[in-house]
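If you read the sequences in order, they're chains A and B. Residue numbers for the first sequence follow the numbering used here, beginning at 1 and rising by one. Residue numbers for the second sequence follow the numbering used here, beginning at 65 and rising by one.
Relax, there's no trap hidden among the hints.
Computed, partial: chain B to chain A, Cβ under 8 angstroms:
| # | residue |
| --- | --- |
| 1 | Y75 |
| 2 | A78 |
| 3 | R80 |
| 4 | N81 |
| 5 | A119 |
| 6 | L121 |
| 7 | L124 |
| 8 | N126 |
| 9 | F127 |
| 10 | L138 |
| 11 | W142 |
| 12 | R145 |
I should point out that these hints are in silico values taken from the structure, not numbers from a laboratory. Every residue gets a Cβ at the ideal spot worked out from N, C-alpha and C, and that includes glycine.
As a plain string of letters, each chain reads:
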Amino acid sequence: MKSFQEDFYLDASHPLRRLSRNVRLIGYILQVAFLWLVEGGRVRRAVLRARETREPFEIDHLGD
Amino acid sequence: MRPKDPPPATYPFAYRNPPRSGNAVNGLGEQEKSLARPVFHSTGRGGGRQSLDWAALDLLFNFLTSPGCFWQVLRTLWQRRLYVGPVARARVPADDTAAMAARIKAEAKRLGAGIAGVTTLRDDALYEGYPRPPYKYVVSIGTVMDRKEMEHVPQSRGAREVMRTYRRSSRIAIDLAAYIRGLGWPAQAYADGEDLIQIPLALAAGLGELGKHGSIINKEFGSNFRLAAVLTDLPLACDAPVDIGVDDLCTRCRRCELDCPPDAILDEKQMVRGVEKWYVDFDKCIPYFAMTEGCGICIEVCPWSEPGRGPALSEALIAKRRKENHESD
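Taking the hints into account, I'd like the entire structure generated from these sequences.
So this is what it looks like as structure tokens:
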């Protein structure tokens, strides 16, 4: 996921820029939440299976 | 308090092709001074988070976060919109930098910080290749954790308290930065994983000394607090690093070392990027850290973290050192 922080801290005094920034932050938070729920859920289930089968879950591909 | 039956350091996950050693990235063994290189919990600015060697394990750590912790993470993320803001047009003069520093530190404590100190922005707080924040002064703040909750590390309940404290410390930094901007000076909150290394700033600002477990030990609160910072151009008198006797304890005490399940805590100081200091084996610590939502065992078992013990302990250690130095003269 691309970092949003590089252009996040714009001139905060202009109301429209603040609005734009806040909207982008909401979008970023929703993206993080969705990723944690969906991809994170898959990974958590895989880790649980790995505990039972004793076959380690390979993490190299995470985030690809 | 020592945790009962912490999980063993065996993992249901693994790298098929392990990345470059995190210790090597951190500069363990390097004799020349240099800037820190990002390795974990960083935005990987420029190349993105995926450019970091341990990005996959960092992502796993985030995925294994429990719902209660994750909720705190989201709330803290939402607070980031407040890290910067408009600066008041009328500027309060800061000719008396000592009085102004005292005023700012008092405000930090009024907002909820347990400890606060001032230093200048230092190179050892920066990552190689990252832009330098455009501020000169740093107000380093420590927010105390609820000890009763921290007794539950390395379980989720302890991790929730850590994340809750990061959210609180972020809020304190936000409000303090807003206060300074209200005085007519630019200021920005730096908390919650912003790409600034907090520990060197806190050490320089006199919040405590570096302990064997790689965290700061404060005279009053031990290791039971979390850091954040406010960067500003407001001229402030700086505090100095403190000597509270941490090395006198850590060179003799092995509590954290013995209680660390992955045996990541080293008994002697190491050379790291040209500085000899206490260092925790990254390659051993971080997989356990990822599996247990941030572990925290070393902080919890540190004798200095026991409430009320710190000041007397510090005085006793320093008195003993003076006596031993006097006897050897």
